[in-house]
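Visitor: So the sequences go chain by chain: U and Z. Residue numbers for the first sequence, in the working numbering: 1 to 295. Residue numbers for the second sequence, in the working numbering: 1 to 184.
Bear in mind the hints are in silico, worked out from the structure with no lab data behind them. Each hint should be verified, as a subset may be incorrect.
Here are the computed lysine-lysine pairs in the DSBU-like style, where the Cα-Cα straight-line distance is at most 35 Å [what the hints assert, rightly or not]:
no., chain 1, residue 1, chain 2, residue 2
1, U, 176, U, 82
2, Z, 69, U, 249
3, U, 127, U, 31
4, Z, 69, U, 175
5, U, 176, U, 264
6, U, 127, U, 264
Please read all numbers here as calculations on a predicted model, not as lab measurements.
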Amino acid sequence: MTTVINVPPSLDDQGFEQVLEQLAPVPQDEKILVDARHCRWASPYGLTALLTLAQTRAERPALAVPEGEETVGYWARTDFFKYADELYELHGTAPRRAAGDSRVLLEVTPVARSEDVHDVVERVQQKAQQIIVHELNMDARATVGFAMTLSEICQNIVEHAGRGGWVAVQAYTWKKRLGRRVVQIAVCDAGIGFRNSLEGAPGRVRDDRWDDGAALEAAVIRGVTRFRDPGRGQGLAGVRRYCSRWETKLSIRSGTARIALVPKWDEDVPLEENLSPFPGAQVQVTVPERTAPTE
Amino acid sequence: MNHIDLGTVLRQTVSANLYSNLVTRPTGAAVRNQIELLMREAHERTLTVLDFSHVSMMDFSCADEVIAKLLLRYCAENPPHEAYFLFRGVTDDHWEAIESVLERHGLALAIEQEDGVHVVGVLSERERRVWEAVKRRGRTLAADLAGEFGEAEGEVQSTLDSLWRRRLVMHLDEQYVALGGERG
Chain U
1 MTTVINVPPS LDDQGFEQVL EQLAPVPQDE KILVDARHCR WASPYGLTAL
51 LTLAQTRAER PALAVPEGEE TVGYWARTDF FKYADELYEL HGTAPRRAAG
101 DSRVLLEVTP VARSEDVHDV VERVQQKAQQ IIVHELNMDA RATVGFAMTL
151 SEICQNIVEH AGRGGWVAVQ AYTWKKRLGR RVVQIAVCDA GIGFRNSLEG
201 APGRVRDDRW DDGAALEAAV IRGVTRFRDP GRGQGLAGVR RYCSRWETKL
251 SIRSGTARIA LVPKWDEDVP LEENLSPFPG AQVQVTVPER TAPTE
Chain Z
1 MNHIDLGTVL RQTVSANLYS NLVTRPTGAA VRNQIELLMR EAHERTLTVL
51 DFSHVSMMDF SCADEVIAKL LLRYCAENPP HEAYFLFRGV TDDHWEAIES
101 VLERHGLALA IEQEDGVHVV GVLSERERRV WEAVKRRGRT LAADLAGEFG
151 EAEGEVQSTL DSLWRRRLVM HLDEQYVALG GERG
């Protein structure tokens, strides 16, 4: 039996929750068809999360690719199909990105080793400067912090996930929720997740409330890690500072919870629990255009 | 004096030799090991210039591995040898990560800037004041500084010893010299 999972027209973090809600009752070894034919738009988060979803299935899932020419062309330019072809049985026409430079800030890229993080940072650095300064009207200093943020979040996969994941970065006008230009980093993996990672901490004391939400709070807000090394936990702390300084939104989903550092321009909740379960960690960083100089 | 170009060490350390960013913990650990390997050939007391001029950017994890762990090892009770570090070519693109790891571990370091050498990081007001005085005076005795400050020699001596343990001043015979200052 094959269960059809419908991809909503807009596949961003919220759209992906709709996908997971449909997926929740389906046994892990059951065949699924992810139907993206009517999808019209996908964020970097949506695309990387969709690849991650395939990694969680025991049987290779099928994917019906978007019917819209523009949509499928964009997905191709992001290199989505390059990796989806390995993870899904593709139904429909899935073009590949033409050779040469693309307009995508960072195409969907696998991250498994430290060298992959180096590659990602080197590739994104020059383009990021152009976009952050000229399109987002931000101070040039924000570019370095952006690269550091990207590096630290990708390292989360290398250091904690236990298996490879995906990163993508793109600039776009976020009409639906902000009406401004944004740059979005999405880093998704289907690894062990925050709770399992922290459960491996030596000498960890169990308390009454221990679940995915508590694990995210411990790691993101209090800087707890599974390592004894007192130098650990600085990466996420640095990401937090960057977000606070540049009015950037950070959200991390792991297991059944999602934590967010919510800037003034957004109305998200800081912690959402009892979501549909999904392995690993899915991170999204959204850097908005500055509307008026503040410095 | 040793001079270690971190850009060169980075390219020797990671598999692809085109990288210019000090990122990730494994890279940081490898770079630190390479620095220690280069220092192994040095004398019992060494001053090593760590040059960031050819490093584009450094992230927090890498700064923790390269800078914090190096300083922690050589400022510990029983360091491999008496090693001092002077940081050169540090820009704003490196500074945020460096400042963060210094604060995390309560460390300080000497940094060479256009207008001379400065100490940065976690220092008490007193340590900073004494370090500046040593730098200004060049080679100096605790007694001379005590006279300048109008304080008991023992108090000044104690601060100088703290700065020496933190490898911010050298202790040569009975005298102290600030890193990057005149040795006389």
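Visitor: Confirm or reject each hint.
Guide: Tested hints:
Note on residue 176/U and residue 82/U: the hinted pairing holds, with a Cα-Cα distance of about 28 Å set against a maximum of 35 Å. The straight-line distance between the Cα atoms of residue 69/Z and residue 249/U is roughly 31 Å, inside the 35 Å bound, and the hint therefore holds. As the CA atoms of residue 127/U and residue 31/U are separated by approximately 40 Å, the hinted pair breaks the 35 Å bound. A hinted pair counts as satisfied when its Cα atoms are at most 35 Å apart, and residue 69/Z with residue 175/U does not qualify at roughly 46 Å.
Only pairs whose Cα atoms come within 35 Å are accepted, and residue 176/U paired with residue 264/U is accepted, the gap being roughly 17 Å. With a C-alpha separation of about 27 Å, the suggested pairing of residue 127/U with residue 264/U holds against the 35 Å cut-off.
Hint violations for this structure: numbers 3 and 4, all remaining hints satisfied.
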